[in-house]
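Asks: Here is how the chains run, residue by residue.
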Amino acid sequence: MNTLRLSLKLLARDWKSGELVVLVTALVVAVTALTAVAFLTNRVGHAVELRAAESLAADLRLSSPRPFANDYRDQAHEAGLNSASITSMPSVVFSGQGNTLAAVRAVSAGYPLRGRLKTSDRLLGLATETGEIPALGEAWAATRLLARLGVDAGSEVDVGRAKLRITRVLDFRPNQGFGFIDLAPTILINEQNLDSTSLIQPGSRVGYRLLFAGERKDVSQFKTLLETQLTDSENLQDIQDTNPQIRSAMDRSGRFLNLASLVSVLLAAVAVAMAARRYSHRHRDRIALFKCLGSSQSFILQSSLIQLFLLALAGGVIGVLLGYGSHAVLAWLLRDLISGPLPATSWSPAVLGLVTSLSILSGFAMPDLLQMGKTPPLRILRHDIGPPPLRYGISWIAAVASVLALLLWMIRDPKLVVFISIGAAGTFIALGIAGWFLVKGLQGFRGAAGVAWRYGLANIARRGRESVVQVVAFGLGLMVLLLLTQVRDDLMTTWRASLPDNAPNQFLINIQPHEVEGIGNFLRDRGIDAPPFTPMVRARMTQLNGLDIDQIDFEDPQGESWARREANLTFSDNMQTGNKLIDGEWWQKGTGTSEVSVEQDFGREMGLKLGDEVTFDVAGEPVSARVTSFRSVEWDSFQPNFFMVFSPSTLQEFPATYITSFYVDDSSAAVTIDLMREYPSVTAIDLDAVLSQVRDVMDKAALAVQSVFLFTLLAGLTVLWAAVQSTHDERQYESAMLRTLGASRKRVLAGVAAEFLAIGLLAGLLATAGATLAGYFLATRLYELEYQFNLFLTLTGPLAGMLFVGISGLLATRKVISTAPVSVLRAAG
Amino acid sequence: MERIESLKTVLEARQLSKEVTSPEGLLTILDSVDLSVSIGESIAVVGVSGAGKSTLLGLLAGLDVPSKGHVRLNGQDLSELDEDGRAALRAGHVGFVFQSFHLIPSLTALENVMLPLELGGHASPRATAMETLDKVGLTPRAGHYPRQLSGGEKQRVAIARAFVVSPEVLFADEPTGNLDHRTAKTIMDLLFRLNRETGTTLVLVTHDLKLAQRCDHIFHMDEGRITGVETPEHESSLGVDGA
Chain U
95 MNTLRLSLKL
105 LARDWKSGEL
115 VVLVTALVVA
125 VTALTAVAFL
135 TNRVGHAVEL
145 RAAESLAADL
155 RLSSPRPFAN
165 DYRDQAHEAG
175 LNSASITSMP
185 SVVFSGQGNT
195 LAAVRAVSAG
205 YPLRGRLKTS
215 DRLLGLATET
225 GEIPALGEAW
235 AATRLLARLG
245 VDAGSEVDVG
255 RAKLRITRVL
265 DFRPNQGFGF
275 IDLAPTILIN
285 EQNLDSTSLI
295 QPGSRVGYRL
305 LFAGERKDVS
315 QFKTLLETQL
325 TDSENLQDIQ
335 DTNPQIRSAM
345 DRSGRFLNLA
355 SLVSVLLAAV
365 AVAMAARRYS
375 HRHRDRIALF
385 KCLGSSQSFI
395 LQSSLIQLFL
405 LALAGGVIGV
415 LLGYGSHAVL
425 AWLLRDLISG
435 PLPATSWSPA
445 VLGLVTSLSI
455 LSGFAMPDLL
465 QMGKTPPLRI
475 LRHDIGPPPL
485 RYGISWIAAV
495 ASVLALLLWM
505 IRDPKLVVFI
515 SIGAAGTFIA
525 LGIAGWFLVK
535 GLQGFRGAAG
545 VAWRYGLANI
555 ARRGRESVVQ
565 VVAFGLGLMV
575 LLLLTQVRDD
585 LMTTWRASLP
595 DNAPNQFLIN
605 IQPHEVEGIG
615 NFLRDRGIDA
625 PPFTPMVRAR
635 MTQLNGLDID
645 QIDFEDPQGE
655 SWARREANLT
665 FSDNMQTGNK
675 LIDGEWWQKG
685 TGTSEVSVEQ
695 DFGREMGLKL
705 GDEVTFDVAG
715 EPVSARVTSF
725 RSVEWDSFQP
735 NFFMVFSPST
745 LQEFPATYIT
755 SFYVDDSSAA
765 VTIDLMREYP
775 SVTAIDLDAV
785 LSQVRDVMDK
795 AALAVQSVFL
805 FTLLAGLTVL
815 WAAVQSTHDE
825 RQYESAMLRT
835 LGASRKRVLA
845 GVAAEFLAIG
855 LLAGLLATAG
865 ATLAGYFLAT
875 RLYELEYQFN
885 LFLTLTGPLA
895 GMLFVGISGL
905 LATRKVISTA
915 PVSVLRAAG
Chain E
2 MERIESLKTV
12 LEARQLSKEV
22 TSPEGLLTIL
32 DSVDLSVSIG
42 ESIAVVGVSG
52 AGKSTLLGLL
62 AGLDVPSKGH
72 VRLNGQDLSE
82 LDEDGRAALR
92 AGHVGFVFQS
102 FHLIPSLTAL
112 ENVMLPLELG
122 GHASPRATAM
132 ETLDKVGLTP
142 RAGHYPRQLS
152 GGEKQRVAIA
162 RAFVVSPEVL
172 FADEPTGNLD
182 HRTAKTIMDL
192 LFRLNRETGT
202 TLVLVTHDLK
212 LAQRCDHIFH
222 MDEGRITGVE
232 TPEHESSLGV
242 DGA
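Those protein sequences? They're chains U and E, same order as listed.
Heads up, the first sequence is in the working numbering, so the first residue is 95 and it goes up one at a time.
Heads up, the second sequence is in the working numbering, so the first residue is 2 and it goes up one at a time.
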């Protein structure tokens with residue numbers, strides 16, 4: 095108890111005297127970075143899990159692109175289950191001159207069977223739960239839809255041919271899905287209004303859903319009963335089947351953000367090690383004195399451990415609190431990507447924060463602090479005597495072990511930990527070597543510079559190892575920020591630049607065959623070139639080379655996913671613009687044989703080869719064709735493109751809808767609106783709006799990631815601070831000496847400024863080189879774009895580095911060099 | 002060189018030697034030293050720099066271990082104790098005053114004085130420390146940090162820290178070495194006054210012969226050996242009170 099009390103007192107006194115500020119700050123930065131991300135991923139992860147149950151709005155959900163063949167609702171009723179239905183389709187909704195694409199969902203009474211709808215009486219009003227659905231003649235619209243139309247609750251909107259009044263703002267639907275933005279906002283209507291909208295036409299993209307809920311046993315029995323009756327196009331889902339892709343995507347992004355925060359943790363750990371070393375050096379006299387005054391080795395050890403633990407606790411708790419605050423900022427930045435409210439967080443990120451704090455201190459500070467305890471009491475008489483030198487091997491092992499333990503705890507995949515560790519070690523070593531060369535290279539300029547620069551550059555050389563650490567710490571933070579900015583900007587710019595000016599910006603889908611001619615004339619009359627109309631037939635793959643799809647083991651999971659979903663097929667005698675034949679031969683015009691041309695990546699994922707026979711169920715009839723060619727497709731050309739193009743004789747007898755795309759300039763934007771009014775069942779997609787939304791989403795996601803990397807810069811700052819602190823006495827003495835020898839305060843300051851500006855310049859150069867190199871590989875290898883040299887980036891890196899490090903360094907050393915020379919020299923003498 | 006032994010001996014050295022390895026080979030820095038000090042006595046160890054004074058002090062206080070020979074402190078043979086055992090013996094029985102003060106910079110004057118009491122688990126360290134600070138005339142400076150104190154004030158804090166546990170033996174290593182003449186005199190007056198008041202045994206290492214004259218016995222050292230013992234003729238080394 096005495097040891098604890100005394101340790102507490104000593105710690106409090108050290109804290110009061112500012113001895114521990116750097117150490118604790120570095121700890122706090124590490125824990126904040128890690129827990130900010132952990133809190134966010136934890137809450138988002140919980141939301142995914144929670145909504146998996148709610149996301150069906152039922153216990154069982156039956157989906158089909160066609161009306162249901164059997165009366166499943168009657169059967170459910172007999173089985174003692176509740177049921178409800180949803181019929182959904184995309185359509186443009188009008189209000190006055192405004193219009194927007196919406197997902198129209200017509201629901202029956204009882205919807206949702208699981209979870210509750212949340213609505214409010216006006217835009218941004220307080221949302222409350224409700225057990226009702228829109229009454230006849232009414233509609234409930236999502237906030238985004240109202241915002242796009244520029245109206246509020248109380249307005250009238252045209253949905254197809256029906257005029258409905260918006261009575262409530264739809265804030266939340268249990269089955270609204272989760273994760274990335276739903277491009278079309280929802281408008282909820284009563285299913286009894288559906289006929290009056292005339293939105294359902296033959297071939298329309300309509301989704302039919304039946305929801306069932308009840309006692310678990312009844313649901314299970316009913317599921318078995320349903321499975322015996324399902325047609326090929328009917329898909330039954332229970333909670334277990336929901337959102338596996340989203341879960342895995344969330345998992346991957348969570349891991350990425352965790353790793354991003356881990357970079358800050360590593361840098362902060364370096365600062366902790368530097369601060370601990372200084373602390374232990376400065377406290378040797380104290381240990382010797384304690385021993386002189388009768389303290390035992392075990393008391394000193396216990397006291398060190400208690401202080402270490404308390405420091406870890408303090409750093410951990412402050413970091414966790416700040417991390418919690420920061421995660422709220424991240425969640426706010428990502429608010430458009432996260433639909434609906436996030437559930438409360440669990441304690442695990444807080445535990446992670448405390449464990450991180452403890453393991454960083456144990457790994458990076460404990461070896462030095464324990465070694466400090468071995469200081470012999472004789473040091474009190476002979477200052478040259480210290481503890482036996484710390485074996486670097488031991489401190490490295492401790493540091494690496496603590497980092498590996500952290501990684502393993504966070505990632506829980508030993509193999510991945512090994513890969514990441516090798517990658518991280520490689521990156522750090524490469525950056526370290528580059529930093530070393532830069533530091534060495536800088537010395538060549540010493541002779542050519544004035545006295546202030548010579549003094550500054552000499553300092554960098556003298557503290558070579560610390561200089562390299564600082565260059566790498568800042569370089570890494572800057573590099574990631576530059577890279578993210580570059581990739582985001584370059585991707586969008588290059589992509590846009592690759593499109594011709596008059597690339598189609600309007601897509602029309604769901605065009606009925608009898609509307610093709612009318613729409614063609616409509617556009618021609620308004621001076622728009624009649625675009626080609628491409629037929630689209632919906633079908634489901636049933637067999638491959640005579641084998642049922644269900645019996646085939648696909649090597650590629652993506653291929654399997656393609657095979658099991660409803661496909662959009664087309665037919666044509668001519669290959670579309672932008673397509674290129676890679677293998678095989680295109681069919682003869684007017685051929686009577688059933689042939690299909692397959693997009694090459696799709697073919698690879700499906701495991702298809704020339705001569706394979708694919709069979710589809712088209713409107714209940716089996717249709718087979720032989721693969722006779724593979725094509726490459728320019729997907730970003732904004733022309734209608736298809737994975738599978740069939741010879742016309744194969745599909746032309748089946749019901750089809752048509753799609754087309756065309757370009758309208760801003761002055762003709764009203765054309766699309768007029769067209770929608772005339773052909774309400776046709777869906778128009780404004781690509782400009784979609785693109786700007788995509789851009790918005792990318793910007794926000796990048797901003798969130800950049801925010802995580804801001805912690806890296808912050809960690810770099812603590813490294814600088816720790817480095818300045820570790821040279822505090824030396825700097826103070828030198829500046830006093832220089833001033834005694836006649837140097838003005840301004841000149842001493844100029845020397846220090848030169849040192850930090852040079853370190854910043856080196857960090858900036860390293861960052862620019864790294865970001866350029868990584869950007870080049872990302873652009874050319876991953877995104878297959880032509881790399882564009884970015885002059886702005888090249889200049890920004892070094893300038894930002896010099897400014898940031900220069901100012902921070904000066905601020906950190908200001909006090910050191912401001913001390914009156916006489917007091918410094920007296921203390922030293 | 003042997004002094005008259007008495008039953009009241011508190012500190013005794015027998016054939017004490019210290020050898021260290023240097024690039025030139027084995028170096029003897031203390032060679033077969035014998036001495037004994039009785040309770041309440043004050044002795045001075047004098048000699049030029051490098052004579053082995055501080056080495057002897059370190060061995061007598063159990064801060065270091067001898068290569069040969071024995072030290073008995075308070076009846077306990079130090080060579081029988083490990084480092085913790087020696088520390089335990091020092092705790093509460095031994096005080097130190099050093100040339101360079103060795104105050105903890107992050108602690109105030111009062112906290113520095115409280116430290117040995119706290120390490121020994123004393124019940125009311127603050128009150129006792131304040132009392133002792135008062136004795137050295139530093140009550141107004143209790144809340145000051147070492148950097149805010151003059152050299153003389155720092156040494157007075159160190160003296161208060163040494164006496165606060167009422168030690169049986171006080172080791173002082175060049176306690177005035179860093180002080181000007183006038184301050185040095187004030188400090189030594191204070192040291193001897195407290196020594197007298199508390200009945201502490203004083204072992205003073207110094208190269209200042211004038212200062213040594215105030216002790217009961219003076220041990221002269223040269224090249225690691227005691228070359229002579231002198232008992233100064235003075236009325237009373239305890240009679241000066243000028244603090």
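Accuracy of the hints is not assured; some may be wrong.
[As the list claims (entries may be wrong)] Residues on chain U that point at chain E, a partial pick, calculated with CB under 10 Å:
| hint | residue |
| --- | --- |
| 1 | L98 |
| 2 | L100 |
| 3 | K103 |
| 4 | L104 |
| 5 | G112 |
| 6 | R376 |
| 7 | R380 |
| 8 | F384 |
| 9 | K385 |
| 10 | I474 |
| 11 | R485 |
| 12 | S489 |
| 13 | S838 |
| 14 | R839 |
| 15 | F871 |
| 16 | R875 |
Source of the hints: derived by calculation from the structure; they are not laboratory data.
Quick reminder that beta carbons are idealized off the backbone N, C-alpha and C, glycines included.
Asks: Could you run down the list of hints and mark each one as holding or not?
Replies: Structure-based check of each hint:
Interface restraint check for L98 of chain U: the shortest CB-CB distance to chain E comes to about 12 Å, outside 10 Å, so the restraint is violated. A least Cβ separation of about 5 Å between L100 of chain U and chain E falls short of the 10 Å threshold, and the interface hint therefore holds. Using the Cβ-Cβ criterion of 10 Å, the hint placing K103 of chain U at the interface with chain E is satisfied: the shortest such distance is roughly 7 Å. Using the Cβ-Cβ criterion of 10 Å, the hint placing L104 of chain U at the interface with chain E is satisfied: the shortest such distance is roughly 8 Å.
Satisfaction of the interface hint for G112 of chain U is found here, the shortest Cβ-Cβ separation to chain E being roughly 8 Å, below the 10 Å cut-off. Below 10 Å, beta-carbon pairs count as interface contacts, and R376 of chain U has one with chain E at about 9 Å; its hint therefore holds. Proximity of R380 of chain U to chain E holds as hinted, the smallest CB-CB distance being about 5 Å (cut-off 10 Å). With its C-beta approaching chain E no nearer than about 7 Å, F384 of chain U sits inside the 10 Å limit, and its interface hint holds.
Annotation: K385 of chain U was flagged as interfacial toward chain E, and the flag holds, the nearest CB pair being 6 Å apart, inside 10 Å. With 10 Å as the threshold, the beta carbon of I474 of chain U comes within range of chain E, its nearest partner Cβ sitting at about 6 Å, so the hint holds. With a cut of 10 Å, the hint placing R485 of chain U at the interface with chain E is violated, because the nearest CB-to-CB distance is about 21 Å. For S489 of chain U, the suggested interface contact is broken, since its CB lies about 24 Å from the closest CB of chain E, more than 10 Å.
For S838 of chain U, the shortest C-beta to C-beta distance to chain E is roughly 26 Å, which exceeds 10 Å, and the interface hint is violated. At about 21 Å, the closest approach between the beta carbon of R839 of chain U and any beta carbon in chain E exceeds 10 Å, and the interface hint on this residue is violated. At a threshold of 10 Å, the smallest CB-CB gap from F871 of chain U to chain E is about 51 Å, leaving the interface hint violated. Taking 10 Å as the C-beta cut-off, the interface hint given for R875 of chain U is violated, the closest approach to chain E being about 55 Å.
Of the numbered hints listed earlier, those contradicted by the structure are 1, 11, 12, 13, 14, 15 and 16.
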